[in-house]
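Each chain, written out:
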Amino acid sequence: MLEYIVPALQHLFTLENFLWINIGVFIGSVFAAIPGLSVILCVILFLPFTYRMTAIPGMMFLLGIYCAGGYGGSVSAILINTPGTPHAAATMMDGHPLSRNGRTKAALKIALYASAFGGVFSALMLLFLGPQVAQIAAQLGTAEYFMVCLFGLTIIAGVSGKSMIKGIIAACIGLLISCIGADPMTSYDRFTFGVPRLYLGLDLAICLIGLFALVEVLAKAEKKPGQLILDSKKMNDNGEITKDEFKRMIRPTILSSIIGVLVGIIPGTGASEASWFSYDRAKAMSKHKEEFGHGSVEGIAAAESANNAVTGATLIPLLTMGIPGDGTVAIMLSALMINGLNPGLSLFTTQGDIMYAIMIGLVFVNLFMLLQGTFLTRLFAKVVSIPQEILTPIIVLFCFAGAYSVNKNYFDVGVALIFAVIAWLLRKLDMPPVPILLGMVLGNMTETNFRRALLISNGSPKIFVSSIYCIIFVILTVLAVATLIRSKMKEAKGETKR
Amino acid sequence: MEGKQSWMERLDRKRDEIGEKLVQKEINLPTELITGILFLLLGILTLVIMPGQVKVSDTDVVNGRAFPTLLMVVMMICSGIVLVKELYQVFVKKQPLTTKKVNLLVEVKALEILAILVLTYIICAITDLFVIGAVFCSLGFLVYFRCRKVSYYAITLTVAVLIWVAFRFGLGVNF
Amino acid sequence: MKKRILSSILALTMAAGLLAGCGGSKTATWTVTCPWAPSGVAAMVSQKAAAMSTDYSENIILVADAIKGDAATVNTWVADTKADDTELVFAGEGLFSITSILDPAKLQFTYDDFMFVENLYSSVFVMSADAKLNIKGIEDLKVYAEGVDEISVAANGATSSEAFLAAALFGSMGFGDKLKITPYSSAAEAAQAVARGETNFAVSHQSQILETYQQGGVTIVCAFDGEDISEGEFAGVEGVGKYGYPYFRNRCFVLARSGTKAETVAELKKLYDDILANDEMSAWLNDTMMLEVDTMSEADVQEHIQNVQDIVNEYYDIVVG
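Residue numbers (numbering that gives the first Met the number 0), protein chains in the order written: chain A, 0 to 497; chain B, 0 to 174; chain C, 0 to 320.
There may be inaccurate statements among the hints.
Pairwise CB distance ranges, derived in the manner of DEER restraints [to be verified]: (1) A:Glu239 - B:Lys24: 50 to 58 Å; (2) A:Ile417 - B:Leu21: 23 to 31 Å; (3) A:Leu261 - B:Val83: 33 to 41 Å; (4) B:Val73 - C:Glu230: 48 to 56 Å; (5) C:Gly320 - B:Leu44: 26 to 34 Å; (6) A:Leu1 - B:Lys99: 56 to 64 Å; (7) A:Ile135 - C:Gly136: 29 to 37 Å; (8) A:Val464 - C:Ala104: 35 to 43 Å; (9) C:Gly136 - A:Leu14: 50 to 58 Å; (10) A:Glu15 - B:Thr98: 53 to 61 Å.
Hint data in this document are derived by calculation from the structure and do not stem from the laboratory. Here a beta-carbon is modelled for each residue, glycine too, at the ideal position from N, C-alpha and C.
Build the full structure now, drawing on both the sequences and the hints.
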């Protein structure tokens with residue numbers, strides 16, 4: 000590990016990298032602060048930008064967006080009682096009441112400090128755990144990788160919303176989309192309908208622009224015009240946090256950071272689960288339970304540190320095995336692979352200097368988030384009320400320019416538009432879009448390993464239980480599915496009772 | 000600006016008239032039924048076109064059709080479950096179909112937005128100048144949102160041109 | 000006030016960063032598209048050559064781009080470019096000798112759509128074996144092949160140059176019917192597969208198997224060349240040509256769009272030749288990438304394409320089945 004640190008620092012410490020970190024953090028904070036815009040949308044919009052960059056600045060930029068998104072969501076949650084991102088909902092529980100008590104700046108500060116701590120903690124965990132997990136991942140062969148992919152696909156259950164069956168259907172669509180283009184094993188074309196542009200398959204970024212970004216533009220039809228007005232007088236407190244409050248923040252922040260990391264490592268669970276779980280834990284362990292829901296310092300700290308502690312942890316399965324912890328990092332996989340950085344042990348050995356630069360960079364991302372949050376919070380707060388008349392065409396233009404710039408042709412913009420219409424229709428049927436994304440990301444890897452394993456075993460499926468790692472992943476997959484089905488059934492029962 | 004305003008007001012009045020008629024019109028979409036049938040048909044269609052779309056070799060242990068076939072079978076099973084569940088609710092439990100209210104005004108508005116997007120795409124593709132499409136798109140949305148503030152027009156158009164400049168000269172995307 | 004000043008500085012820094020990113024365009028910038036993985040040998044050589052281009056020309060700046068997709072990428076490139084566009088593309092025997100025979104409908108172009116600029120390098124593929132098999136030369140290989148029912152070889156792609164080299168070797172030895180080619184997504188993956196014991200052999204570039212060889216996971220059986228390897232880590236490894244078995248080297252041609260002015264092509268060729276003549280470049284190619292500088296003429300290119308086409312036609316059935 001140590002042999003990579005010095006070259007990694009040399010790669011990292013350039014003006015270009017630090018500028019991209021800051022730009023990413025700024026954009027991520029702004030996007031997350033605006034209700035209705037999400038971090039995933041932001042990453043999708045700016046992904047094509049990184050196709051023209053080298054690995055380190057590209058990843059720094061995207062990680063800047065990703066991490067700052069964790070904090071930015073809390074700004075609108077605290078100020079206007081509307082979470083900018085879903086995982087900021089737990090922050091809202093105490094953030095907004097504290098703001099109503101005339102301590103808006105203090106609430107924002109607590110959220111910022113807790114977010115930064117969670118983020119740095121998570122980045123350090125990635126730095127130390129990532130290479131160890133990669134060592135284990137290096138021992139996995141083709142059959143084991145298929146089982147890993149299968150385990151990864153259990154994420155679908157976690158991101159399916161109300162209906163897991165619909166989630167599976169959506170995932171099948173995503174997996175089928177990943178089959179378009181050259182067969183990974185034989186190079187024969189599949190589902191190209193004679194269209195030469197489809198020989199390469201459909202680019203993930205282009206499909207996602209349609210599925211997640213342009214569809215949000217179409218969804219403007221559902222919303223009544225009108226804007227969120229922010230009362231700037233709200234931010235006139237001195238923002239002071241007392242010594243006692245600081246002391247009370249420490250325990251929930253550390254505990255929630257650990258929870259965030261553990262939740263983040265498990266594919267399919269994300270920042271929302273981590274922040275709610277941590278919030279509940281903090282409440283259960285607090286000596287001031289009565290303050291929860293009425294502006295508890297511990298509540299804000301727990302929720303915010305947990306949702307930012309997820310960020311580095313979700314990268315562990317991504318970088319070591321290519322399994323994304325959540326939808327947003329699934330998109331980052333493209334940014335890595337476009338630069339020839341394929342997940343696995345080689346990422347930590349032959350390309351160790353680049354990988355360590357990215358992992359150390361993640362620590363700096365969180366530090367810059369702290370810096371920008373300290374000085375630019377007032378600005379982030381103002382963007383909460385950017386009118387949609389201005390915002391909507393800007394998003395569309397980023398979508399179009401981004402889709403075009405991937406392969407420099409308008410065919411791809413057309414594809415993005417088609418995907419937007421498909422996503423709109425799926426929305427009408429309450430079909431979740433995230434499983435489609437996961438299907439697209441995991442499709443190629445799943446199919447290739449499935450077919451290659453059977454080729455190696457001359458068609459015998461026994462190969463999938465032929466090693467201890469295979470058996471471990473079979474058990475993990477069964478456990479994950481059983482747990483998720485149980486929780487879905489509980490949810491359904493709860494709803495029926497209500 | 001006066002002329003423009005009256006033109007916009009006329010357009011808005013027209014839109015209001017249509018909107019008033021449509022706002023009350025709602026369709027109950029049987030979502031589960033449609034989901035079941037739609038994806039069952041999609042699965043069948045994919046399986047039918049597969050031989051023409053996926054070339055295979057006789058010697059392959061697992062050929063290029065195996066994985067998509069497996070996916071379509073899983074999708075069809077899931078669609079079947081959705082369908083059977085819904086029919087069970089209706090015919091055995093005597094409960095109404097699971098529906099979702101779809102407002103016609105919302106759908107027409109979505110079509111308006113889609114029209115702006117498609118026109119922007121066509122303008123960009125025909126002229127091969129993104130900036131022209133960008134200007135059209137900005138104006139299109141400002142009119143859609145019934146915006147009257149000149150400052151909003153100025154800001155949006157400036158940002159539109161800046162996006163083109165950033166991609167064209169910063170990222171070297173020649174469009 | 001202090002905060003306001005700091006905020007302004009931070010905002011200005013970011014604005015400066017954005018402006019820095021929006022610098023002016025360079026008119027003589029030639030984009031060199033490599034249709035294979037960015038981590039592959041060709042993309043790395045292209046990147047290195049591009050980085051050195053500013054030292055040798057004031058008029059031409061090379062910018063390397065890698066878009067994985069093989070024929071599809073070149074199809075797109077041909078469709079999107081015209082004569083005199085400042086665009087170059089890589090292509091090799093894989094497209095002109097293999098895909099053109101196996102799946103001609105896939106190619107939306109012929110060699111006539113291009114103008115040859117230069118060939119940058121040639122690479123001698125090697126065959127490695129699982130170390131447990133203890134196969135260290137062609138004679139060992141023959142003995143092994145005679146005693147088994149199946150010979151599994153990992154290759155980067157089912158119909159790649161590597162797959163055809165394996166087919167040509169075992170086919171000409173008389174063991175073509177025992178050969179099973181297991182395709183992997185990259186040469187590095189194929190190399191790891193043999194070390195893990197998933198396959199018995201792997202065919203790869205020398206540099207791609209070096210690390211696994213040094214760790215003791217594999218032995219090197221032979222080189223797909225006329226003579227033994229003379230230098231480097233694999234010095235002494237037997238060339239299959241010595242035994243009369245067919246072989247070819249891997250080459251990647253830099254091509255411009257047909258119709259581009261002859262003097263422009265000549266200028267580009269000179270630039271590449273100057274870069275390749277640089278000691279640092281040739282040392283890097285030899286020592287790090289384990290490749291050889293191999294400038295070629297149009298006639299050499301045609302000969303190479305024809306040689307590979309002959310091998311593909313002869314061993315087609317073994318690979319495709």
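Outcome of the hint check:
{"no.": "1", "hint": "A:Glu239 - B:Lys24: 50 to 58 Å", "in the structure": "holds, 56 Å"}
{"no.": "2", "hint": "A:Ile417 - B:Leu21: 23 to 31 Å", "in the structure": "holds, 26 Å"}
{"no.": "3", "hint": "A:Leu261 - B:Val83: 33 to 41 Å", "in the structure": "holds, 39 Å"}
{"no.": "4", "hint": "B:Val73 - C:Glu230: 48 to 56 Å", "in the structure": "holds, 55 Å"}
{"no.": "5", "hint": "C:Gly320 - B:Leu44: 26 to 34 Å", "in the structure": "holds, 30 Å"}
{"no.": "6", "hint": "A:Leu1 - B:Lys99: 56 to 64 Å", "in the structure": "holds, 58 Å"}
{"no.": "7", "hint": "A:Ile135 - C:Gly136: 29 to 37 Å", "in the structure": "holds, 36 Å"}
{"no.": "8", "hint": "A:Val464 - C:Ala104: 35 to 43 Å", "in the structure": "holds, 41 Å"}
{"no.": "9", "hint": "C:Gly136 - A:Leu14: 50 to 58 Å", "in the structure": "holds, 54 Å"}
{"no.": "10", "hint": "A:Glu15 - B:Thr98: 53 to 61 Å", "in the structure": "holds, 54 Å"}
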